[in-house]
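**Student:** Next come the chains, spelled out residue by residue.
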Amino acid sequence: MTASDTRAAPQGDSLSTAPVVAVRDAHRDYRMGQEVVRALRGVSLEIAPGDYVAIVGPSGCGKSTLLNLLGVVDRPTEGQVLIQGRDVGAMRDREATSFRLRNIGFVFQRFYLMAMLSARENVELPMAEAGMSAAARIARARELLDYVGLGARERHRPGQLSGGEQQRVAIARALANRPGLLLADEPTGELDAHTGAEIIGLFRRLNEDGTTVVVVTHDGELAAAARRTIHMRDGQIIPPT
Amino acid sequence: MIRTLAAASLRRHPARTILAILGVAVAGALLLDMVMLGTGMRESFRRFLLVQGFQLRIAPKGTLPMDTEATINGASALLRTLRTNPDIIAITPVLGAQIHVLQGTRAITSFAVGIDESTEADYQLEAGTNVAAPDHIVGNAAFLTAMHVHRGDTVDVVTGFDPQLRTYVGRRRLVVVGRGRFFYTSAEQPVAAVPLATMQAMGGPERADRVSLVLARVRDSANADSAAAWVDRTIPRVSTISTDAAMRQVDERMGYFRQLAVILAAVSLIVGFLLVTTLVTVSVNERLGEIAVMRAIGVRRVHIVQQIVLEGVTLSLVGAVAGLGLGLVTAHFLNAILSDFPGLPATFHFFLFQPSAAARSLGLLVIAGILAGVYPAWRAASLPIAGTLRREAIA
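Residue numbers (the numbering used here), protein chains in the order written: chain A, 1 to 241; chain B, 1001 to 1395.
Source of the hints: derived by calculation from the structure; they are not laboratory data. The beta-carbon is built from N, C-alpha and C at its ideal position, and this holds for glycine as well. Treat the hints with care, since some could be wrong.
[Stated by the list, open to error] Footprint (simulated), chain B over chain A, 3 or more residues, beta carbon under 8 Å:
no., segment
1, 65–73
2, 89–97
3, 106–113
4, 119–133
5, 170–180
[Stated by the list, open to error] Every beta carbon over 12 Å from chain A, so not counted as near; a handful from chain B, in silico:
no., residue
6, Glu1188
7, Ala1246
8, Phe1353
Generate the whole structure from the sequences, applying the supplied hints.
**Tutor:** Here it is, written out as structure tokens:
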């Protein structure tokens, strides 16, 4: 590891001034039976390195669809999504998978940890996929668990952890391969107010340490912690007034 | 990590995993038993024919070996002729007949063979000594039990009863010198061996210089079928069958039986395949969200397929090993039941364990396990990530 790697959660591309995310007139249509649902209708935005963006809006407004496009788990029907300058919509599946592994960290509302793996093994999973040696990934997983305050619980399985602890493990997992972009979909949605506040604090600290963060949320406090808030309605971004 | 995830997945529902392994083990045991039965009877028969290494059986013209009471006359000349063929390296004549052992006022009937004292062609000595003198007799355990005799005892043996003179014919007093395991008769059938000359003499003029069968061993470099053809051409009063020819007849007559075994083996293989497919499919369907998350965090599709296939292979492999043990135990008991069928030679087995056949059949089961995992794994790994996560979130 290099000296810069010793930080638990460095941002992959923090020195660049080019936007980490550039979405240009993105549309996303779904077919539900005979009906076509227009989830996104010409969304454009840019997110700079080190930014912390909250995407808010009513249910069904297209927040999660936008997050899925940014996370390269979905493709726009029209338009372009550039992550770190690369058109991710044009990537083949294998390339997109590798891109997600090395450039994007995902945090889900329901944590989605592997139930039979320990906290440390869950954090190791993306690193193992990236081909990191066992010794290196164990050291990195411990570093990340320390960072999220769970150094003493590395051997615990998800079922032995509280919701807040599970979400912190999920955040550590998302940071495993030092992604340039951390995406979170309602990360406090399953947590009580106190635990949610802890997670909000963790996201703020992550951003202060250089990680570009995008969260989709209904949580006003989480949105308030962001540097910038994007409001959406009916598949479109509402321009700031 | 793939191995860790696969093991973790199997540990998640231990009861289900154990039941699946047991199911595969039962299918594997049935598969193994059918393979043992299908190939084992043939191999057992081949070993039975070659037990002492004699590839040719020379019987009276138009008969099968020891199938009738017919005998070959001019045995001495026959043996001399056979010795002129350089491919025939050993010969041993056998004269089979019924004998009666006198026990007070009654006579107990047994089958006996007159043999060449220099060759243990019909039995393997278990205790005592071989027949080495004209008044020696070796019996199997059933013979000694039926006649209430032990080694060292003498027995009065006759070959027949003359109703006009009301006397026994061919009477001899013989010494029981050994106990043997006879290859070609069932274990429960009393059978004994005496020197060939004694047996011929006991039979009177009708048996003089006659034999029921001649066993011949052909040198390894020679063709047994060619030697058999030479015997038939040279000595027209005999019919010769080689082991290979006998095996061809066995193959023809047992074809339907082997087909049945193949069908049952295929059924058990399909059952194992379906069982693993069902288990893996259920397991995968429960984990669609988990799989979608793995894909979302960058786990390659091929690694997810490998993990799920590894689960199927583990179930099949462990089940196959358990099935091997279970199959051997059931084959042992089934063989014991079937071998009790009256008249079957003690050396004949219905179920014969052959490592190569067992490895092939259980290997097939493992391959079935691999195939069983591939489709559900690939289907799950190919689901759209965003859509699957959305459905899981709603669920």
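**Student:** Each hint: holds or not?
**Tutor:** Right, here's what the structure says about each hint:
Given a C-beta distance limit of less than 8 Å, the hint that chain B covers the segment 65–73 of chain A holds, as 4 residues qualify and 3 suffice. Counting residues of the segment 89–97 of chain A whose C-beta sits closer than 8 Å to any C-beta of chain B gives 3, which meets the bar of three, so the coverage hint holds. Restraint check on the segment 106–113 of chain A versus chain B: 5 residues with Cβ-Cβ distances below 8 Å, three needed, restraint holds. Coverage of the segment 119–133 of chain A by chain B holds in this model, with 7 residues showing a Cβ closer than 8 Å to a Cβ of that chain against a need of three.
For the segment 170–180 of chain A, the assignment as covered by chain B holds, since 3 residues bring a beta-carbon within under 8 Å of that chain's beta-carbons and 3 suffice. For Glu1188/B, the non-interface assignment is confirmed: its Cβ lies about 58 Å from the closest Cβ of chain A, beyond the 12 Å cut-off. No Cβ of chain A comes within 12 Å of the Cβ of Ala1246/B; the nearest lies about 59 Å off, and the non-interface call holds. Consistency note on Phe1353/B: stated as away from chain A, and its beta-carbon is indeed over 12 Å from all of that chain's, at 38 Å minimum.
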